[in-house]
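Undergrad: Build the full structure now, drawing on both the sequences and the hints.
Protein chains: 2
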Amino acid sequence: MEENKDNNQFQITDALIENIEHLIDSKTDKKLVSSFANYHYADIAEILDELTFEQAIYIIKLLDSDTTSDILKELDEDLREKILKVLSAKEIAEKIEELDTDDAADIIAELPEERQEHVISQIEDAEHKADIQELLTYDEATAGGLMAKELVKVYETWTVAGCLRRIRGQAKEVRRVHSVYVVDRDEKLIGRLSLKDLIVAKNDQKIADIYISNVDYAKVDDDVEEVAKIMQKYDLEAIPVVDEYLKLKGRITIDDIVDVIREEADKDYQLAAGITQDVEADDSILQLTKARLPWLFLGLIGGIGAFIIMEAFETRLPSEFSILFLFTPLIAAMAGNVGVQSSAIIVQGLANDDVKGSINNRLLKEMMLAALNGVVLSIFLFAFVLIWKQDFLLALSIAASLIAVIIIAGLIGTFIPLFLHKRGIDPAIATGPFITTSNDIFGIVIYLMIAKLILGI
Amino acid sequence: MEENKDNNQFQITDALIENIEHLIDSKTDKKLVSSFANYHYADIAEILDELTFEQAIYIIKLLDSDTTSDILKELDEDLREKILKVLSAKEIAEKIEELDTDDAADIIAELPEERQEHVISQIEDAEHKADIQELLTYDEATAGGLMAKELVKVYETWTVAGCLRRIRGQAKEVRRVHSVYVVDRDEKLIGRLSLKDLIVAKNDQKIADIYISNVDYAKVDDDVEEVAKIMQKYDLEAIPVVDEYLKLKGRITIDDIVDVIREEADKDYQLAAGITQDVEADDSILQLTKARLPWLFLGLIGGIGAFIIMEAFETRLPSEFSILFLFTPLIAAMAGNVGVQSSAIIVQGLANDDVKGSINNRLLKEMMLAALNGVVLSIFLFAFVLIWKQDFLLALSIAASLIAVIIIAGLIGTFIPLFLHKRGIDPAIATGPFITTSNDIFGIVIYLMIAKLILGI
Numbered sequence: 001m002e003e004n005k006d007n008n009q010f011q012i013t014d015a016l017i018e019n020i021e022h023l024i025d026s027k028t029d030k031k032l033v034s035s036f037a038n039y040h041y042a043d044i045a046e047i048l049d050e051l052t053f054e055q056a057i058y059i060i061k062l063l064d065s066d067t068t069s070d071i072l073k074e075l076d077e078d079l080r081e082k083i084l085k086v087l088s089a090k091e092i093a094e095k096i097e098e099l100d101t102d103d104a105a106d107i108i109a110e111l112p113e114e115r116q117e118h119v120i121s122q123i124e125d126a127e128h129k130a131d132i133q134e135l136l137t138y139d140e141a142t143a144g145g146l147m148a149k150e151l152v153k154v155y156e157t158w159t160v161a162g163c164l165r166r167i168r169g170q171a172k173e174v175r176r177v178h179s180v181y182v183v184d185r186d187e188k189l190i191g192r193l194s195l196k197d198l199i200v201a202k203n204d205q206k207i208a209d210i211y212i213s214n215v216d217y218a219k220v221d222d223d224v225e226e227v228a229k230i231m232q233k234y235d236l237e238a239i240p241v242v243d244e245y246l247k248l249k250g251r252i253t254i255d256d257i258v259d260v261i262r263e264e265a266d267k268d269y270q271l272a273a274g275i276t277q278d279v280e281a282d283d284s285i286l287q288l289t290k291a292r293l294p295w296l297f298l299g300l301i302g303g304i305g306a307f308i309i310m311e312a313f314e315t316r317l318p319s320e321f322s323i324l325f326l327f328t329p330l331i332a333a334m335a336g337n338v339g340v341q342s343s344a345i346i347v348q349g350l351a352n353d354d355v356k357g358s359i360n361n362r363l364l365k366e367m368m369l370a371a372l373n374g375v376v377l378s379i380f381l382f383a384f385v386l387i388w389k390q391d392f393l394l395a396l397s398i399a400a401s402l403i404a405v406i407i408i409a410g411l412i413g414t415f416i417p418l419f420l421h422k423r424g425i426d427p428a429i430a431t432g433p434f435i436t437t438s439n440d441i442f443g444i445v446i447y448l449m450i451a452k453l454i455l456g457i
Numbered sequence: 458m459e460e461n462k463d464n465n466q467f468q469i470t471d472a473l474i475e476n477i478e479h480l481i482d483s484k485t486d487k488k489l490v491s492s493f494a495n496y497h498y499a500d501i502a503e504i505l506d507e508l509t510f511e512q513a514i515y516i517i518k519l520l521d522s523d524t525t526s527d528i529l530k531e532l533d534e535d536l537r538e539k540i541l542k543v544l545s546a547k548e549i550a551e552k553i554e555e556l557d558t559d560d561a562a563d564i565i566a567e568l569p570e571e572r573q574e575h576v577i578s579q580i581e582d583a584e585h586k587a588d589i590q591e592l593l594t595y596d597e598a599t600a601g602g603l604m605a606k607e608l609v610k611v612y613e614t615w616t617v618a619g620c621l622r623r624i625r626g627q628a629k630e631v632r633r634v635h636s637v638y639v640v641d642r643d644e645k646l647i648g649r650l651s652l653k654d655l656i657v658a659k660n661d662q663k664i665a666d667i668y669i670s671n672v673d674y675a676k677v678d679d680d681v682e683e684v685a686k687i688m689q690k691y692d693l694e695a696i697p698v699v700d701e702y703l704k705l706k707g708r709i710t711i712d713d714i715v716d717v718i719r720e721e722a723d724k725d726y727q728l729a730a731g732i733t734q735d736v737e738a739d740d741s742i743l744q745l746t747k748a749r750l751p752w753l754f755l756g757l758i759g760g761i762g763a764f765i766i767m768e769a770f771e772t773r774l775p776s777e778f779s780i781l782f783l784f785t786p787l788i789a790a791m792a793g794n795v796g797v798q799s800s801a802i803i804v805q806g807l808a809n810d811d812v813k814g815s816i817n818n819r820l821l822k823e824m825m826l827a828a829l830n831g832v833v834l835s836i837f838l839f840a841f842v843l844i845w846k847q848d849f850l851l852a853l854s855i856a857a858s859l860i861a862v863i864i865i866a867g868l869i870g871t872f873i874p875l876f877l878h879k880r881g882i883d884p885a886i887a888t889g890p891f892i893t894t895s896n897d898i899f900g901i902v903i904y905l906m907i908a909k910l911i912l913g914i
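Residue numbers (the numbering used here), protein chains in the order written: chain L, 1 to 457; chain H, 458 to 914.
Please keep in mind that the hints were generated in silico from the structure rather than gathered at the bench.
Computed from a predicted structure; not experimentally measured.
For each residue, glycine too, the CB sits at the ideal point set by N, CA and C.
Take these hints with a grain of salt, some might be off.
Far from chain H, by Cβ distances over 12 Å, these chain L residues were calculated [unchecked claim]:
id: 1; residue: 55
id: 2; residue: 112
id: 3; residue: 153
id: 4; residue: 211
id: 5; residue: 237
Here are some chain H residues pointing at chain L (derived, C-beta under 10 Å) [claimed, not checked]:
id: 6; residue: 653
id: 7; residue: 786
id: 8; residue: 900
id: 9; residue: 903
TA: If you want it as C-alpha cells, here you go:
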C-alpha cells in the first residue's frame with residue numbers, strides 16, 4: 001500500500017487547487033476551460049471533490065456536456081447528488097445523452113423517483129432512452145443491472161468484409177470494442193469473434209465459418225458476484241448477457257467487474273471490523289454512527305452477559321480465588337482472536353470458492369490447528385503463572401482452560417460461517433464483533449468451569 | 458456471496474470426479490482426452506485439484522502441451538510445485554513455450570534456482586527465451602514483474618493499411634489485442650491506437666495522423682498496487698510499461714490487475730483478522746500455525762499485561778470493590794471493537810486513496826463520532842448497573858469510564874494507521890490483534906483509574 005511517485009501520474013497539489021480557486025473567483029472562464037482540457041475527467045472529478053459546492057457547480061456549468069457527463073460519473077456520490085439537485089431535468093438529460101447506457105442508468109437510478117421520469121422524458125435519442133428504460137428494470141445486483149446495451153453484434157450469415165463495414169458503423173457508438181457477438185436471425189447468441197480474429201481473417205470468409213461457438217454468457221438475473229467469479233476464472237474481458245430465451249441483451253466489461261470485486265472486498269472487510277456495509281471515511285458522523293453503533297451495542301450486551309455470568313460464579317467462590325477474575329480479559333481476548341482468525345479464513349475461502357471437503361473435515365483440521373496453538377500458548381502462560389504466583393494448581397487450571405477455550409473458539413469460528421453459508425446467509429457477518437462477543441462469553445464460562453473443577457472449589 | 462446456479466456454468470460433481478477416476482483406473486486414454494476436450498483449462502485445473510497426485514500427473518502427461526501449459530498456470534500453487542518436481546526440464550520447457558511470457562516467467566520463478574537455468578536453456582524459441590529472462594530480472598511486486606512482452610507495436614511512420622498487414626503478423630503471437638502502441642524510431646512510446654480506431658480509419662491514412670498521443674503508462678519499477686490504482690481510476694484495460702528512457706518494454710492487462718486487487722484485499726482482510734498474509738484455508742496446519750500463532754502470542758502478552766495491571770490495582774482496592782473487575786472483559790471488548798472499527802475505516806480509506814484532510818481533522822471527527830457512540834452506550838450501561846446493583850456511584854463510574862475508553866480507543870484506532878502510513882509502513886498491520894491488544898490494556902487502565910477517582914477509593 002505504499003506510494004510510489006510516478007512522474008506520469010496526476011497529483012492534486014495545494015497550488016493546483018489554489019490556482020483553480022483563483023481562476024473561479026476572477027471568473028477567467030477561458031483559462032479555466034483551457035486548463036481543464038489537459039486533465040482526464042477522473043482527475044477533474046478529484047479536483048471538484050476538493051472544491052466548495054458552489055465552485056464545483058461553477059465548473060460543471062462551464063464545461064461542455066461531453067466532459068461533465070464523464071466527470072459526473074466519477075464524482076463522489078454525495079457531491080453528485082447535490083449537483084444533480086441544482087441541475088434542471090433538461091441539463092441532466094443532456095449529460096445522460098453523452099454517457100454509455102450503463103452509466104446513464106446508474107445516475108438516473110440515484111435520482112428521486114419523481115425526477116427520474118422527468119429526466120428520461122427529456123432524453124432526445126429514442127434508442128438511448130429505450131435502452132436506459134430497459135436497464136432500469138433490472139435489479140442492480142444482477143447482470144442486467146450491471147450491463148450496458150452498447151455492443152457490436154453481427155449475424156452469422158454476414159461475410160468478413162460486410163462485417164467490417166457494419167462494425168465501422170456500430171463501433172462509433174461503442175467506446176471500446178471487446179468482442180463481436182454473433183447472433184442467429186432470431187437474435188439468439190450463438191458465438192463470438194474477437195476483433196483480432198476479424199482482422200486476421202480473409203475478407204470473403206463467412207462469419208459462420210470463423211466464429212467461436214463456445215461462448216461464456218451471463219443471464220440478466222444472474223448475481224453480479226457470480227458473474228465476477230466467472231469472468232475472473234476464465235480471464236474474460238467482457239461477457240455477453242442474454243435473457244431467458246438466450247437473446248442477446250447487453251454486455252458486461254471487466255472494468256465494471258473490478259468495481260464489483262472492490263466493493264465486495266470492502267464490504268467483507270467492513271463487516272469483519274463491525275461496520276455495516278456502505279460507509280466511507282468521509283461520510284457524515286451520523287451515517288458512520290448508524291453503521292457502527294449496532295455492532296458496538298452487540299458487544300455491550302455481550303459484556304453485560306459476561307458480567308452476569310462472572311457475578312454468578314463470584315458469589316459462590318471463596319474470596320481467595322478472586323484472582324481468577326483477573327485472567328478473564330486474557331481468556332476473552334484469546335477466545336476472540338482465535339475466533340476471528342478461524343472465521344476470517346473460512347469467510348475468505350468461501351468468497352474465493354476454495355473451501356473444499358466436508359464441514360466435519362474442516363472442523364477436525366481447525367481443532368488440530370487450535371490444539372497446536374493452544375498447547376504452545378498454554379505452556380507459556382503456565383510458566384508465567386507458576387513463576388509469578390508460585391501456585392501450581394492455579395497455573396494448571398488457567399493453562400488447561402486456555403487450551404480448551406482456544407479449541408472451542410476455533411470450532412465456533414469455523415462452524416458459524418459454514419453454517420450461515422449453508423443456510424444461504426452471508427457468512428461475512430459472522431466475523432468481527434459477532435464472533436468476538438459470542439466467543440468472549442463461551443470462553444469465560446469454559447474458563448471458570450474448568451478452573452472450578454481443577455481447583456476443587 | 459450467495460450462489461446462483463447458472464446452467465451455463467461448469468460445476469464439479471462427485472459423479473464427474475468418479476467418472477474421471479474410473480477412466481484413469483481403466484486407462485481408457487482416448488475417452489479421457491475426448492472428455493477433457495470439452496472443458497476449459499481453468500475447469501480442468503479444478504478437476505485436478507480434486508484428484509490424487511498420481512491421477513493428476515497421469516492427466517498432465519496424457520494431454521498435449523498446449524492444454525497442460527494453461528492448466529499448470531491455473532493450478533493451486535502447491536499442486537503445481539509437486540507436479541513440476543516430477544517433470545523433466547525438457548517437459549517443463551515445452552509447456553513454457555506455449556505460455557505467454559508473463560505466465561511463463563511466473564512459473565519459472567517458482568522453481569528452485571538451480572532448475573530455473575536448466576529449464577530456460579531448454580526453451581527453443583530464442584525470442585521467447587530472451588523475453589522470459591528479461592522478465593525474471595524484475596521484482597515481482599513491480600510493473601516489470603507483472604507485465605508481458607506480448608504486444609502489438611507500430612511505428613508512427615506506417616500507414617493504416619501497412620499497419621493492418623503487420624498487425625496480422627504480430628497479432629498471431631498475442632492472445633488478445635487491447636491496444637496498439639505507437640513508437641518512434643527509437644522505440645520510445647509516443648501514443649496508442651485502439652483496434653477500433655484502426656478499423657474505423659481509412660487505409661491510406663498515416664498512423665502519425667490518427668494515433669492518440671496522450672497515453673498512460675507505467676514504468677518497469679512502479680509498484681503494482683500503484684499501477685492497479687491508475688488502471689482502475691482511468692478505466693484502462695491495458696497499460697504499456699516503459700523503461701527509464703520511455704522505451705516500450707511490455708504491457709499489463711486488466712485481468713492481471715484483477716488478481717493484484719483480489720490479493721491485496723485478501724491480504725488486508727487476513728491482517729485485520731490476525732493472520733499473516735499468504736495462507737489459504739487449504740494450506741497445511743503448520744503453515745496456518747506460522748501465520749496465526751505470532752498474533753495470538755501478541756494477544757497473550759497483552760492479556761498478561763492486563764492481568765499485571767489489574768493485580769496492581771486489586772492489591773490496593775478494598776475487597777468490596779472487587780465487583781469492578783467483573784466489568785473488565787466488557788471494557789476491554791468495547792475498547793477493542795471501537796479500535797478495530799476506527800482503524801479499519803482508515804486502512805480502507807488509505808487503500809482506496811480517499812482519506813482527505815489533515816490527521817488533526819480526522820482525529821477530531823473520530824472523537825466526535827466516538828463520543829456520540831459512547832454516550833448512547835453509556836446511558837444504557839448506566840441504567841443496567843443502576844437497576845441491577847442499585848449503586849449510583851458504581852453505575853456512574855462504569856458509565857463514565859466507558860465513554861472515556863471509547864473515545865480514547867477511537868483515537869488510538871485512527872491515529873496508529875495514519876501514523877504508520879506516514880512512516881511508510883503498511884497500515885493494515887494496525888488492525889486486528891494489534892489494535893485490540895493495545896486497546897484492551899489502555900481501556901482497562903483508564904477504566905480502573907476513573908473508577909477509583911469517582912468511587913473515591
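Undergrad: Look at each hint and say if it fits the structure.
TA: Verification of the supplied hints:
1. 55: holds, 16 Å
2. 112: Correct as stated: the minimum Cβ-Cβ distance to chain H is 26 Å, above 12 Å.
3. 153: Holds, because the least Cβ-Cβ distance between residue 153 of chain L and chain H comes to about 15 Å, which exceeds 12 Å.
4. 211: The claim stands: residue 211 of chain L keeps its Cβ more than 12 Å from every Cβ of chain H (closest is about 16 Å).
5. 237: Nearest chain H Cβ is 6 Å from residue 237 of chain L, so the label is violated.
6. 653: holds, 5 Å
7. 786: Since chain L brings a Cβ to about 5 Å from residue 786 of chain H, closer than 10 Å, the hint holds.
8. 900: holds, 9 Å
9. 903: For residue 903 of chain H, the interface hint is violated, since the closest Cβ of chain L sits about 13 Å away, which is over 10 Å.
In terms of the numbered hints stated before, the structure departs from hints 5 and 9, listed from lowest to highest.
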